[in-house]
Each structure stands twice: as C-alpha cells, then as structure tokens.
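Participant: If you want the building blocks of each chain, they are given just below.
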Amino acid sequence: MSEIKKQTGTQNVKRGLAEMLKGGVIMDVINAEQAKIAEEAGAVAVMALERVPSDIRAQGGVARMSDPEMIIGIQQAVSIPVMAKARIGHIVEARVLEALEIDFIDESEVLTPADDVYHIMKDDFKAPFVCGARNLGEALRRIGEGAAMIRTKGEAGTGDVVEAVRHIRQVTEDIRRVVTATDMELMTIAKEMGAPYELVVEVKKTGKLPVVNFAAGGIATPADAALMMELGCDGVFVGSGIFKSDNPAKRAKAIVEAVAHYKDAKLIAEVSKGLGDAMRGESVAQMEDRNKIAGRGW
Amino acid sequence: MKIGVLALQGAVREHRNMLQKLGAETVDVLTPKDLEGIDGLVLPGGESTTVGKLLLRYNLLEPIIQLGRKGLPVFGTCTGLILLAKHINGSDQLRLGLMDMHVERNAFGRQLASFEADMQIPVLGTEPFHTVFIRAPYIEKVGETVTVLLEHEGKILMAEQANFLVAAFHPELTDDTRLHGYFMKKCKK
Chain A
1 MSEIKKQTGT QNVKRGLAEM LKGGVIMDVI NAEQAKIAEE AGAVAVMALE RVPSDIRAQG
61 GVARMSDPEM IIGIQQAVSI PVMAKARIGH IVEARVLEAL EIDFIDESEV LTPADDVYHI
121 MKDDFKAPFV CGARNLGEAL RRIGEGAAMI RTKGEAGTGD VVEAVRHIRQ VTEDIRRVVT
181 ATDMELMTIA KEMGAPYELV VEVKKTGKLP VVNFAAGGIA TPADAALMME LGCDGVFVGS
241 GIFKSDNPAK RAKAIVEAVA HYKDAKLIAE VSKGLGDAMR GESVAQMEDR NKIAGRGW
Chain B
299 MKIGVLALQG AVREHRNMLQ KLGAETVDVL TPKDLEGIDG LVLPGGESTT VGKLLLRYNL
359 LEPIIQLGRK GLPVFGTCTG LILLAKHING SDQLRLGLMD MHVERNAFGR QLASFEADMQ
419 IPVLGTEPFH TVFIRAPYIE KVGETVTVLL EHEGKILMAE QANFLVAAFH PELTDDTRLH
479 GYFMKKCKK
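Chains A and B, in that order, are what the protein sequence lines are.
Every letter in the first sequence is one number past the one before it in the working numbering, and letter 141, counting from 1, is 141.
Every letter in the second sequence is one number past the one before it in the working numbering, and letter 22, counting from 1, is 320.
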C-alpha cells in the first residue's frame, strides 16, 4: 500500500473540519486557564486572542494578531482545535498562524483591518479559514477566496444579538431567492449580490451554503445561542459573553447544552437558572455607526 | 430498518443522508428514549471530549453501553471510534469502552496534517475507497477478538468486533455509500 497518495490542505479536508464542529460552541479565551475551563465545559474549539471583543471596544487602539507565545500556551493546554484571528487582508499574520499550526484562522473584522480593499486569498493556505458575512453575496465572496467556514458578523463585544440575527435572516432570505429564481435570473442575481456566478449556481442546486455557517457576535445567554440554532446556524461562537459574565464555567456549560438541545425549551430553562449576571453589554441601536465593526471588510 | 444517529454534536446530517439514501429510516438520538426500537446506532464524527460529556450529562452513556453489550450494532467514525475504545492513550475522558482496542487521539497531528487518500478496503470490494481523515485518531493495537479491516503504515484505521464497526476516517463526507451499506448488513436481524 506504499503507493497511496495523501493530500493535505484540500478543500475537502478544510471544510471537513468545519463539518465536525457543527452543533458545537467555540469560545474566545485569552489564556491557557480559560481554555481549560472552555474545554471542560464542552467547547468544540477555542479562539485564542489577546483581548476579548468587549475589551477591544472599551480600550480602543489597534487590535492585532495575538502573541504566538500565548497561542502556543493554549495549544499545549487543550486537545480540542485552537483557532486564532488574523487582521483582514494581513497575509503575513495568517502565515504566522499557519506556521504555528493553528487549526483554523479567523480573518476577522474584530481586529483592525490591515487592508481596506482586499481580503486574504485563502486558497493559498493549507490551514482552513473562517470569515464573517452579513449576507449571501459576502459569504460567497469569502468562499470564492477559499473560506471553509462562514459566520455571522454580529456586533462583537456588545452582548446584543440583534445584528447576528439580522445576518442569518438575510443569508436565509438570499438563499431562498436564489433557489426560487429561474436559471435565466441567476447572472443578474450574482451581479446584484456581488457573488461569484458559479457559487450562485451551486447554491441554487443544493439549496444551501457550500460551507458550514456559524453564529457570531453578541451572543450572551443560552437562549441567545439556541435562538441562533433555531434560525438555521450550524453552531455558535461566543466571545465576551462567557468570560465577561459572573460565572464563566457555569455559563459556558449552559450554552453548550442549550446548543445541543436547542429545541428543548424546558432544558434551556433548567440550564439558564442561577447563572448570575450576563455581560452588561451595549445596545447596538444606541451605537454610533463609526463604533460598529461589522462594516469592516466588504 | 430504523437507525439512530447520535445527534449531540458533529457531522450528524451527513450520516443521516447516507443512511436514508440506502433506504433506512433514521432517528436523531438526543435522549435515552430516542434509543427505543432502533436496529443500529451511528456515532458520528465531532469533538470527542464534547460528545463524551454530553453523553454523560443526558444519561445516554449507560443505556448505549447496555444496548451495545446486548448486541445492538454500533458504527463509530472518528470521534465515534474514540468513544467505543476501551483504552484512550493518555486520556481519562468519558467513553463507552465497548471495543477492545487502544486508540491514539489526534494521532496524525493538528489540522494541517489532515488528509484524504484512496485506499483499498478488501471487505468493500476492489474499487478503492476515498478516505477523509480530519484530526483523526488511529488504533494502535487491538485485542484478539477484533478484526482489522484497514491498516496503513502500521496504523489500524478500520476494525470490527462482533456488533461493533469503527473507522478513523469520514465515509459520510464522500458520496460512497459502501461502508454504510456494510454496516446496515450488520443491522439486519
């Protein structure tokens, strides 16, 4: 059997890892200790970053890729996949993360964009990428560049789920439009959405996104997480919502259970008891546009 | 034929689609009562630490162990393979522990080492099977009653023991239904 040809870094293998994360919760952590709490609570992966989004918001300044030493510390602490963020368009940060053998790279609007025109050509990498999208066109542009996973682009660090809900609703509505369109209409739809035509055709054929779509941004409670699953997300990212709350271990566990059993309201009621205060948060509707980060990237 | 698919987390939909394509009725297993009346059970790929914890928390661990001991056919892929193993090297994570084998988790390395390849699996016929390995485990060694069905470079990648079948790769991520078909034959009474 020595003639067997193994292929690594293929689209199948990249999208495959995202498939394995479905029905799970990915948690933001800033050190090895938090990573262990997340793993113990049942997280399917952790996102290693220096500051959670709510602190990035509060402290301001330029947010960049995390210190490799911190990332390695987290990789050594847990056996679940470790993700990390690169700035939009920052090819070299992504290469550094790949060199660290990170399991998934998030080209993220939560960090300060390095390029205000171009996103990373993700097909050039062996590591899989996840990117944010507010609608089908944006999702298909990122997939066209090679993203193996999509997530909503909810306002990170606010604890307000409204934007994430808007994005998944929009993606679903856009898919419905593509599916019900005639073949003749697809090119025009591709033009309007700014989406690669071939991918629009694929969505019409399969009735779904070509990759897994997770919820991200503003999820603070077990009920928020279950809501995103109910709306059709494949899983959930929770950032500031866990480690900015009163009892991170308990809340993390409750969110994991609410996602696995999102249709079971009795169970969600049970796990939501006595969690202490959720993160305080900030209503997106009260925010000035310049403070919103979902508009980063295109 | 009714096959349960453990639906706590992971690639549930893909297994469901495969089984339905082959004519089976499927049921998502989330609580112990979902196990009633099934002719077989599939344990999909996902994160084994997550699935192990949820199995315990929702009182599924013990009922599945009991059913497995009574002879219910169980098919585990990747995480499912880990959960079925008696021994997980260097780990005390929760498991069903029904198969006599030693398993190495994330045995090929991190995601960058995940791969796909065509492999010959004699029990599935002469046509090679396209195998997809994602942060995959392998079986280091097996007990006497376990039959090795695929081995590559000294690593056991697929095996069978009485009513249990395991694969370190993900047949549900391909269009090839032969392995699911092989399992369904075990489920026929």
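Where hints are given, some of them may not hold.
What the hints assert, rightly or not - Think about it this way: if two alpha-carbon atoms lie no more than 20 Å apart in a straight line, the pair counts; the simulated DMTMM-like pairs of lysine to aspartate or glutamate are:
| id | chain 1 | residue 1 | chain 2 | residue 2 |
| --- | --- | --- | --- | --- |
| 1 | A | 208 | A | 246 |
| 2 | A | 126 | A | 145 |
| 3 | A | 266 | B | 326 |
| 4 | A | 263 | B | 326 |
| 5 | A | 5 | B | 332 |
| 6 | A | 6 | B | 442 |
| 7 | A | 5 | B | 449 |
| 8 | A | 205 | B | 332 |
| 9 | A | 5 | B | 416 |
| 10 | A | 263 | B | 438 |
| 11 | A | 6 | B | 449 |
| 12 | A | 36 | A | 3 |
| 13 | A | 266 | B | 332 |
| 14 | A | 6 | B | 332 |
| 15 | A | 5 | B | 425 |
| 16 | B | 319 | B | 337 |
| 17 | A | 208 | B | 473 |
| 18 | B | 483 | B | 473 |
| 19 | B | 384 | B | 398 |
| 20 | B | 439 | B | 451 |
| 21 | A | 36 | B | 390 |
| 22 | A | 6 | B | 425 |
Bear in mind the hints are in silico, worked out from the structure with no lab data behind them.
Participant: Hint by hint, note whether the structure agrees.
Facilitator: So, going through the hints one by one against the coordinates:
no. : hint             : in the structure
1   : A:208 with A:246 : violated (38 Å)
2   : A:126 with A:145 : holds (13 Å)
3   : A:266 with B:326 : holds (19 Å)
4   : A:263 with B:326 : holds (13 Å)
5   : A:5 with B:332   : violated (41 Å)
6   : A:6 with B:442   : violated (30 Å)
7   : A:5 with B:449   : holds (15 Å)
8   : A:205 with B:332 : violated (33 Å)
9   : A:5 with B:416   : holds (7 Å)
10  : A:263 with B:438 : violated (39 Å)
11  : A:6 with B:449   : holds (15 Å)
12  : A:36 with A:3    : violated (41 Å)
13  : A:266 with B:332 : holds (17 Å)
14  : A:6 with B:332   : violated (39 Å)
15  : A:5 with B:425   : holds (16 Å)
16  : B:319 with B:337 : holds (17 Å)
17  : A:208 with B:473 : holds (17 Å)
18  : B:483 with B:473 : holds (19 Å)
19  : B:384 with B:398 : holds (6 Å)
20  : B:439 with B:451 : holds (13 Å)
21  : A:36 with B:390  : holds (15 Å)
22  : A:6 with B:425   : holds (17 Å)
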